Amino acid sequence: MSVPHLIALDIDGTTIDHDGHLSDAVREAVQAVVEAGHHVVIATGRTIVGTLPIIEALALPRGYAVCCNGAVTIALDPGRVPGYDLLEAVTFDPTPALDLLKGSWPDAVVAVEELGVGFKVSAPFPDGELEGEVVVVPWEELAARPVTRLTFRSPSASTDDFVHLAETIGLHGFNYGVGYTAWLDINPEGVSKASALEQVRRRLRVEPGDTVAVGDQRNDLEMLKWAARGVAMGNAPDEVKAVADEVTLSVTDDGLVPILRSLIP
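Read in order, the letters of the sequence shown are residues -4 to 260 in our numbering.
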């Protein structure tokens, strides 16, 4: 048996494609590395509600998952309702970020996460983009309590528009990432997939050199740099590929499979 590794896997654009499809080849490869004794840890920008169906589809009954770009860490436990223990939830006051974002893009909408439930939003998001219960509230109520994440979204803007916007409005004191659409996630400063994965690594007593991470977007940058072997998907932006140790095939070509298979003796 090989030395147990911590294998951190992004979901969207890495484990499943952007239509939400999980291929049989990826599912089988994930199960094979688990059977080989490795620790598969899902590391995603999704909420707990959005992550659990993927964990179920991958048949991962035990282990850990990092959600909300590192703000939330859970331990999977099929013997408990709702199937996990909440280990950590890092929150922040969204008021300063909301003040910066208000009026910064004409048709933008904002969501703040309700942990384990869904989202409060300033206006409806495009169908299917938010998981769980979604409730429209007045702008002031978005800042009613500390949150794990704030999401800013525009149906009309481009990814480049939001990269420029994030750089110009001065989001100092926060950790943020722009997705493959005009989607901006804001988390507490110092919180990332990498920061949460480091805590999981220590819990699992895995050596730093025995870590692998695979991702495809800007919210994976810290994670890919953190891992001893950081792998960018072929569909990743150039800036993500630039920080990775290697680049695999795209998600549509099951690029995750050869990486996982390489970890099996």
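Take the hints with a grain of salt, since some may be wrong.
What the hints assert, rightly or not - Listed next, with one range per pair, are the computed distances between beta-carbon atoms: (1) GLY168 <-> GLU241: 21 to 27 Å; (2) SER153 <-> GLY204: 38 to 44 Å; (3) SER257 <-> HIS167: 24 to 30 Å; (4) GLY165 <-> LYS220: 33 to 39 Å.
What the hints assert, rightly or not - Derived EDC-like pairs (lysine to aspartate or glutamate); straight-line CA-CA distance at most 20 Å: (5) LYS97 <-> GLU83; (6) LYS97 <-> ASP80; (7) LYS220 <-> ASP248; (8) LYS236 <-> ASP7; (9) LYS236 <-> ASP155; (10) LYS236 <-> ASP12.
Please keep in mind that the hints were generated in silico from the structure rather than gathered at the bench. None of these values were measured; they are calculated from a predicted model. All C-beta atoms, glycine included, are put in the ideal place defined by N, C-alpha and C.
Does the structure keep LYS236 and ASP12 at a Cα separation of 20 Å or less?
The given pair, whose Cα atoms are some 18 Å apart, holds under the 20 Å limit.
Check the hint pairing LYS236 with ASP7 against an upper bound of 20 Å on the C-alpha distance.
holds, 16 Å
Take a quick look at whether LYS97 and ASP80 sit within 20 Å of each other, Cα to Cα.
violated, 35 Å
Take a look at whether the Cβ-Cβ distance between SER153 and GLY204 falls inside 38 to 44 Å.
holds, 39 Å
If you check the beta carbons of GLY168 and GLU241, does the distance land in 21 to 27 Å?
This hint is violated: roughly 34 Å between Cβ atoms.
Between GLY165 and LYS220, is the Cβ distance one that fits in 33 to 39 Å?
violated, 24 Å
Decide if the proposed pair is consistent with the structure: LYS236 and ASP155, CA atoms, cutoff 20 Å inclusive.
holds, 17 Å
Would you say the C-beta atoms of SER257 and HIS167 sit inside 24 to 30 Å of each other?
For SER257 and HIS167 the Cβ distance comes to about 40 Å; the hint is violated.
Given pair status - GLU83, LYS97, alpha carbons within 20 Å:
violated, 29 Å
Take the C-alpha atoms of LYS220 and ASP248, compute the straight-line distance between them, and say whether it is at most 20 Å.
violated, 24 Å
Checked against the numbered hints given earlier, this structure breaks hints 1, 3, 4, 5, 6 and 7; the rest are met.
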